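There are 2 protein chains.
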Amino acid sequence: MTAEQGLATAAINTWKLNLERANKLFLPLSDEELQQEIAPGKNRLVYLLGHLTAVHDRMLPLLVLGPRLYPEYDSLFLTNPDKSSELPGGAEIKKAWQQVNEALQAGFDRLAPGDWLHKHGSVSDEDFEKDPSRNRFSVLLSRTGHVAYHLGQAVLTRK
Amino acid sequence: MTAEQGLATAAINTWKLNLERANKLFLPLSDEELQQEIAPGKNRLVYLLGHLTAVHDRMLPLLVLGPRLYPEYDSLFLTNPDKSSELPGGAEIKKAWQQVNEALQAGFDRLAPGDWLHKHGSVSDEDFEKDPSRNRFSVLLSRTGHVAYHLGQAVLTRK
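Those protein sequence lines, which keep their order, are chains P and Y.
Residue numbering for the first sequence is 13 to 171, as defined by the working numbering.
Residue numbering for the second sequence is 13 to 171, as defined by the working numbering.
Don't read these hints as lab results, they were simulated from the structure.
None of the values given here were measured: they were computed from a predicted structure.
Hints may contain errors.
Because identical chains cannot be distinguished in the list, a pair is counted as satisfied if it fits within a single copy or across any two copies.
[Unchecked claim] Only pairs whose alpha carbons sit at most 30 Å apart, straight line, appear in this in silico DSBU-like list of lysine-lysine:
| id | residue 1 | residue 2 |
| --- | --- | --- |
| 1 | K106 | K171 |
| 2 | K28 | K106 |
| 3 | K28 | K107 |
| 4 | K54 | K28 |
| 5 | K171 | K36 |
| 6 | K36 | K131 |
| 7 | K171 | K54 |
Next up, chain P with everything else stripped away, as it sits in the complex:
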C-alpha cells in the first residue's frame, strides 16, 4: 500500500466508523423515540437524522459522484429549523439515510487516492487554483466531523 492509499483509506474508515455509530443509534429508534429532543427546546432526533441525510445527499454532487437522491430534504432539514415543517415518517428517513450513504460509498470505491485532491463541485477552477485545499478530501473530513458533532448531541437522549 502506498502512503497516499494508506492516508485515504484511514479517512474512509473513520467516515465508515462514524456512520456505523449513527446507524447503531438511530436505526433501532421508533417514531415515538425519534420525537425526543436532544435537550429541552432543541432539535428532535428525527430532525437530526433528516439533517444528516440532507447534508450527505449534497455530498453526491459536491464530491462529483452523481446527482442528488433527496433534494426535497433541504427545505425540511436544512434551510428550515425543526418544528417548522411536517416531516416524513422515521422509516422513510431511515431508508433515505441508508440509500444516500450507499451511493456515497459506491462513489468512494471508484476514486483513486489522488482523486480525493481534485477540486470539489462547488468551487471554480480559478478559486481552486488559488486555494487547492478546497478539494474532495477536505469535504470528506469535514462531513465526518459533522456526523460526530450531531452524534455527540443525539447520544444525550440515550443514557
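Using the hints provided, position chain Y relative to the given structure of chain P.
Chain Y in isolation, oriented as in the chain P frame:
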C-alpha cells in the same frame, strides 16, 4: 505538493479548524459560565474542556511526539465522571488546553506525510503488522472527530 502531502495537510487543517472552534467557544467563558451543564444532569462545560485536554495530552505519547504534560488530568476528567472531583479553575484548564495543543502542533510540524502511517504508541509491532490501520493518522482523524463530538454538545449551552 505530492498527493500524500495534500492528504496529510487536509487532515491537519481539519484538526486545526476544530480546535479553533473549540477555542472560540470555551476560551471566552468565565468560571461561572463553565459551570453550565450541556443538558440537565449532564456534563458541565468545565468538565468537557478538561476532558478534551486530557485526551489531547494522551495524544503526545500515542503519536510518539513526547511525554505527557498533564497526566494528573486523567483521574479528574477521564477515569472519573463529572461532579466526582474538585476541579482546577477555568484559567488553569484553559492554559493546559492551549499548552497541550501547542505541543501537539509542534510535533505535527516535525512529521513527514508518510510518518503518519507509522504505528501509534499503544500498539505492538506484532499487532501493527496484522492491522496497519492502527497508525498515527487514524489517531489524528479519530481525535478530530472527538473534538467535534463534544463541540456539538457544548454549543447547546450557547444559543
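Structure-based check of each hint:
no. : hint          : verdict
1   : K106 <-> K171 : both (22 Å within a copy, 28 Å between copies)
2   : K28 <-> K106  : within (17 Å within a copy, 33 Å between copies)
3   : K28 <-> K107  : within (17 Å within a copy, 34 Å between copies)
4   : K54 <-> K28   : both (27 Å within a copy, 28 Å between copies)
5   : K171 <-> K36  : both (14 Å within a copy, 28 Å between copies)
6   : K36 <-> K131  : between (33 Å within a copy, 29 Å between copies)
7   : K171 <-> K54  : both (17 Å within a copy, 10 Å between copies)
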